[in-house]
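**Q** Residues per chain, in single letters:
Protein chains: 2
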Amino acid sequence: MVNLVEMGQRAKVAARQLAQASTEQKNATLHAIADALEAHRDDILAANRADLDAGRANGLTEALLDRLDLQKRLTGVIADARSVASLPDPVGEVFDAKTLDNGLRVSKRRTPLGVLGVIYEARPNVTVDVATLSLKTSNAVILRGGKETIHSNKALIAAIREALENCGLPADSVQFIDSPDRQYVMDLLKLHQYVDMIIPRGGNSLHTFCRENSTIPVITGGIGICHLYVDVTADQEAALAIIHNAKTQRPSVCNALDTVLVNQQVAAAFLPRVVQHLGASGVRFRAEPRALAALGSAADTTVTPAGPEDFDTEWLSLVLSLKVVDTLDEAIDHIRVHSTAHSDGILSQTPEHIERFLNEVDSAAVYANASTRFTDGSALGLGAEIAISTQKMHARGPMGLVELTTYKWVIVGDGHVRP
Amino acid sequence: MVNLVEMGQRAKVAARQLAQASTEQKNATLHAIADALEAHRDDILAANRADLDAGRANGLTEALLDRLDLQKRLTGVIADARSVASLPDPVGEVFDAKTLDNGLRVSKRRTPLGVLGVIYEARPNVTVDVATLSLKTSNAVILRGGKETIHSNKALIAAIREALENCGLPADSVQFIDSPDRQYVMDLLKLHQYVDMIIPRGGNSLHTFCRENSTIPVITGGIGICHLYVDVTADQEAALAIIHNAKTQRPSVCNALDTVLVNQQVAAAFLPRVVQHLGASGVRFRAEPRALAALGSAADTTVTPAGPEDFDTEWLSLVLSLKVVDTLDEAIDHIRVHSTAHSDGILSQTPEHIERFLNEVDSAAVYANASTRFTDGSALGLGAEIAISTQKMHARGPMGLVELTTYKWVIVGDGHVRP
Chain A
34 MVNLVEMGQR AKVAARQLAQ ASTEQKNATL HAIADALEAH RDDILAANRA DLDAGRANGL
94 TEALLDRLDL QKRLTGVIAD ARSVASLPDP VGEVFDAKTL DNGLRVSKRR TPLGVLGVIY
154 EARPNVTVDV ATLSLKTSNA VILRGGKETI HSNKALIAAI REALENCGLP ADSVQFIDSP
214 DRQYVMDLLK LHQYVDMIIP RGGNSLHTFC RENSTIPVIT GGIGICHLYV DVTADQEAAL
274 AIIHNAKTQR PSVCNALDTV LVNQQVAAAF LPRVVQHLGA SGVRFRAEPR ALAALGSAAD
334 TTVTPAGPED FDTEWLSLVL SLKVVDTLDE AIDHIRVHST AHSDGILSQT PEHIERFLNE
394 VDSAAVYANA STRFTDGSAL GLGAEIAIST QKMHARGPMG LVELTTYKWV IVGDGHVRP
Chain B
34 MVNLVEMGQR AKVAARQLAQ ASTEQKNATL HAIADALEAH RDDILAANRA DLDAGRANGL
94 TEALLDRLDL QKRLTGVIAD ARSVASLPDP VGEVFDAKTL DNGLRVSKRR TPLGVLGVIY
154 EARPNVTVDV ATLSLKTSNA VILRGGKETI HSNKALIAAI REALENCGLP ADSVQFIDSP
214 DRQYVMDLLK LHQYVDMIIP RGGNSLHTFC RENSTIPVIT GGIGICHLYV DVTADQEAAL
274 AIIHNAKTQR PSVCNALDTV LVNQQVAAAF LPRVVQHLGA SGVRFRAEPR ALAALGSAAD
334 TTVTPAGPED FDTEWLSLVL SLKVVDTLDE AIDHIRVHST AHSDGILSQT PEHIERFLNE
394 VDSAAVYANA STRFTDGSAL GLGAEIAIST QKMHARGPMG LVELTTYKWV IVGDGHVRP
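Those protein sequence lines, which keep their order, are chains A and B. Each residue of the first sequence is one higher than the one before, counting from 34 in this note's numbering. Each residue of the second sequence is one higher than the one before, counting from 34 in this note's numbering.
Hints listed in this document are in silico derivations from the structure and should not be mistaken for laboratory results. Just so we're clear, the structure is a prediction, and the values are computed from it rather than from any experiment. Do not rely on the hints blindly, as some may be mistaken.
Note: identical chains are not told apart, hence a pair may lie in one copy or across any two.
Using 20 Å as the maximum straight-line C-alpha spacing, the simulated SDA-like pairs for lysine to any residue come out as follows [said to hold, decoys possible]: (1) Lys141 x Gly410; (2) Lys180 x His64; (3) Lys141 x Glu154; (4) Lys180 x Pro452; (5) Lys223 x Thr248; (6) Lys223 x Ala112; (7) Lys141 x Leu93; (8) Lys141 x Ser116; (9) Lys105 x Ser314; (10) Lys45 x Asp362; (11) Lys131 x Gly410; (12) Lys223 x Arg142; (13) Lys105 x Phe242; (14) Lys223 x Glu245; (15) Lys180 x Arg142; (16) Lys223 x Gly109; (17) Lys141 x Glu342; (18) Lys180 x Gln216; (19) Lys131 x Thr108; (20) Lys187 x Arg82; (21) Lys141 x His427; (22) Lys131 x Glu418; (23) Lys223 x Asp113.
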């Protein structure tokens, strides 16, 4: 029987202790977590095999089974836990310090958020990622993983909590909703008395459900309908390589490319090369009428006419939408209507076009002459990532350790009163 | 007939234009708004008199009538609009710029949030404050003021929209829900397709209503149950002056003092001085049993025994709760349970106690040896303030111009693909 109010209360108490933990103690605990995961490797992998067997029996897709599979991934997960220990600790950082004319010393001090609620689906590696990032930032966390991965998660959580206790930190720093009942997701979303931030990690319907039902601030994101606009002056050789990389390097992730917009002046020259080069890597294409026309006889069996909904689809697979536009403005307008404001880029050698695109496209990450695949905490130098935010509050784009903190104003006087 | 979806669509279009407006154009428009308010001064004041007459007829309290009254305040409101023009424009600021090892140039660029929804009560000066701060940060805004102030707001909004149009910016940058029907508040809270942030400015029930019903991120705050802890080593003369200031300088605002906690070692010496000094300024006291005992014969008619709910009351008037605590820990624990995490301070000459208090009390503003009345955008050097946040997401404490922005990641490559 899960009692979420009690979990919230315990998380709050744990968060107070965590807030006063030293960086050294937190880092030692991160290594202890890695050690515990090593020590319990056999149990964890056996639990994961049970999840995989059940998943196969229940007819999960290969893609889902792949996400669920820890067998080859556990070593990397453990290494990631250790690398979180090596990152700088943002908690306690003092910034914006100033002395006012009246002598009052004012600064901001970085503090933990408090208690995080993280709702995710079939990826047990997220359990360890979130637990270690939360610990490093002195946040307590309540985790809600998918039912497909419940054995793996139980084994992982047991090891993590054992390490926390052995290091003198509260086991309740990391709590796990040990039931597949969906009612607990709803209960967690209403726990604003105890939980400071909800991070959903999953598909569009999970994000919508959280936004519509949560009384706690929600970080939505992770859904990417990503665009690249090929301008008249694009270096076509480089553009081809970028489009190939953005589409094929890891098609199942949110920063993978979904739509190529090509300026009409270069469409007839460029689009056949796209179809030829990416088609050879197994990509299939959805082309609107002008793109079909520009392709002409190059429109082989990999090309089908685009339906209107194709430009509002996050493909997550080797499918690419193609469209011809007359101008930079039409490209920006298309992105405004169809983008999920994740990652969108321009391929151009015209500085004024690049600058207009970077200014006017209102996405979490805007690109010039690079693959959209770089929207990622590790690729952008954050060291780690808890989520990619496509909403505008608090943090936008990849969220690292600093984005798991808030700040307080610290005001020190010498008997100061307000005139 | 108000159509909120249409208002949202118009706000979104306006926001796109505002995002591209130059600082010069925005500042010229701010001066034009001030000029328009001057030019329409007679109409605005007549509309405000109509609100005041209706308010008196409907039996509004003097405190509410005072909030409603623009007659003496309009000159100050107009001056504030001009001073917003003189503040630095945060939009477009580039920060965290770096070149990665692979040559990718990464930076963050400060951008507007988009569309704000601001829900407030009987203070028509908020209409101008919010309109000018939104314009300066290139955000469009949908305003929902109280029904008591609807004539004043209509007159103010008409002048503001006239100035926007005359300066070539969309009038729909500032829209106003021109109906007292409460259903529109609910509709506004569900308008996540168009609105990026909700800022409620009002009492506790408004904040709770917004948090429970909004599908848009809400900045809650502005409710302050504020504490000062008088430590053993406090400079008692300075402490008396600080407590007097924090309680009496403007008792009706959120950063005014509500509770004094006194260490038992100094309670018998200090509390009688508090009652004498603040009592002379009309303050009445609610003392828990140990405070009553410490006061002894100094407990005159201004002192009554505290009920348990008194320590959970934001007084907003000349009432002060008094409590004796044994230790710094008991003071911190009391604050943890009873504070609204707005502004809390310690009065002490013991550096370790000061540091513990500043670290362990989890409020938006924590103080040492100063009045809580400084929690305010202008007092802390922000130049202006749209609200005081007591939640932890996005911004905490006084929110100025920067807190009305977000950022995008800007990534510029030279044909970069992800390995």
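**Q** Determine which of the earlier numbered hints do not hold for this structure and return their numbers in increasing order.
**A** Of the numbered hints, 2, 3, 4, 6, 7, 8, 9, 12, 13, 15, 16, 17, 19 and 23 do not hold.
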